[in-house]
Amino acid sequence: MESARPLVVTTTKPLAIIAKAALGKHAKIEFLQSAKQSAHDIVLSVGALEKMHRAELVIFIGDQMEPGIAKVINGLPEGKSIKVLGLDLDFVESKNNQRENHHSLDPHVWLNPHNANIIARAIQGAFGFSQQDIITEMQILAIEENLASVVELSYISHHDMLGHFINAFKVSKGRSLREANGARKGAKSQYVLRNFAKENDVKCVFVEPQYGDKDAFVIASSLELPLRTLDAQGVKQQLSETGYAEFMQTFTAQFKACFS
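4 is the number of the first residue of the sequence shown in our numbering; add one for each residue after it.
Everything labelled a hint here was simulated from the structure, so no lab data went into it.
Values in this document were obtained by computation on a predicted structure and should not be read as measured data.
Each hint should be verified, as a subset may be incorrect.
Listed below are the simulated BS3-like cross-link pairs for lysine-lysine, each with C-alpha atoms no more than 30 Å apart in a straight line [claimed, not checked]:
# : residue 1 : residue 2
1 : K173      : K83
2 : K239      : K206
3 : K173      : K201
4 : K54       : K83
5 : K201      : K191
6 : K54       : K239
7 : K206      : K217
8 : K188      : K217
9 : K201      : K188
Simulated restraints on C-beta separations [stated by the list, open to error]:
#  : residue 1 : residue 2 : range
10 : S152      : A190      : 34 to 40 Å
11 : K191      : P9        : 47 to 53 Å
12 : S224      : F262      : 15 to 21 Å
13 : G131      : Q252      : 37 to 43 Å
14 : T245      : P9        : 18 to 24 Å
15 : N203      : Q252      : 43 to 49 Å
16 : G131      : E227      : 52 to 58 Å
17 : V238      : S133      : 26 to 32 Å
18 : S263      : N77       : 42 to 48 Å
19 : S225      : S133      : 50 to 56 Å
20 : Q241      : H117      : 36 to 42 Å
21 : V238      : E202      : 32 to 38 Å
22 : A260      : S224      : 15 to 21 Å
23 : Y194      : S48       : 39 to 45 Å
C-beta atoms are modelled at their ideal positions from N, C-alpha and C, and glycine is treated no differently.
Starting from the given sequences, assemble the full structure and let the hints guide the process.
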């Protein structure tokens, strides 16, 4: 019965994709992020608060990425939440403020499938289920082989969110229009970005659905580069037991489309 299944609430869509793949039919998965929101600026409504208190488990990225939500979640009873950045993941750093040279952990951990498997196992363990991977080593290897022909090619991303994907698959580190937290960069950074594009034979500018495309369109037009969609939030991905593997395959295809 629907009512017999525990409710699991995640802050973001990517975490919901992982949770559904981890728990399958054994739980009802809901998420707070809307299709037009960045994972960095989710706002809690009264309904969201009520949903979180009804949930048997709440999963969030962490205080750094979701400071407003984290305060509420940290007040929940012990054992009722999982903080993803508190797990033993393979972390990479990001530079959130170019002017202050401030580094912090890149919160886009779900773009490394090895991290996704660790998160999935933590979710399964919270319910006492047997711990299984949600993406196999063969599927990860297939993605790696699919990317082999483009690992050295250059690109511009919409915001600095590809660190974990780069770490997992050894693709080149491009440059970004925005900081890791989604904030716009200053004029000096834009100048450096344009020089990078000219000197490194950049192939495209990626645009992300939740940010709109005005800033990406401006620089792509000025550099005469194509725009390509890269959806790290899995906006169109269905929640299913195979959903995370499908999400990574789609994300890889979108990334590779830059170079076609």
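- With 39 to 45 Å as the target window, see if Y194 and S48 comply at their CB atoms. holds, 40 Å
- Go ahead and decide if the range 50 to 56 Å is satisfied by the Cβ distance of S225 to S133. Hint holds: Cβ distance 54 Å, inside 50 to 56 Å.
- Query: When you take the CB atoms of S263 and N77, is the distance between them in 42 to 48 Å?
  - Reply: holds, 45 Å
- Hinted pair K201 and K188, Cα distance within 30 Å: Between K201 and K188 the Cα gap is close to 19 Å, so the pair holds against 30 Å.
- Task: Using the Cβ atoms, figure out if A260 sits within 15 to 21 Å of S224.
- Result: holds, 19 Å
- Quickly compare the C-alpha distance for K206 and K217 to 30 Å and report which way the hint goes. holds, 19 Å
- Query: Is it true that G131 and Q252 lie within 37 to 43 Å of each other by Cβ?
  - Reply: About 30 Å separates the Cβ atoms of G131 and Q252, which means 37 to 43 Å is violated.
- Message: Would the hint linking K201 and K191 be met if the CA-CA limit is 30 Å?
- Response: Roughly 16 Å between the alpha carbons, so the hint for K201 and K191 holds.
- Query: Is the hinted range of 15 to 21 Å satisfied by the C-beta distance from S224 to F262?
  - Reply: holds, 20 Å
- Message: K173 and K201 were given as a pair; does the straight-line alpha-carbon distance stay at or below 30 Å?
- Response: holds, 22 Å
- Task: Determine whether the Cβ-Cβ distance between K191 and P9 falls within the hinted range of 47 to 53 Å.
- Result: holds, 50 Å
- Task: Take the C-alpha atoms of K239 and K206, compute the straight-line distance between them, and say whether it is at most 30 Å.
- Result: holds, 25 Å
In this structure, the earlier hints numbered 1, 13, 15 and 20 are contradicted, and the remaining ones agree with it.
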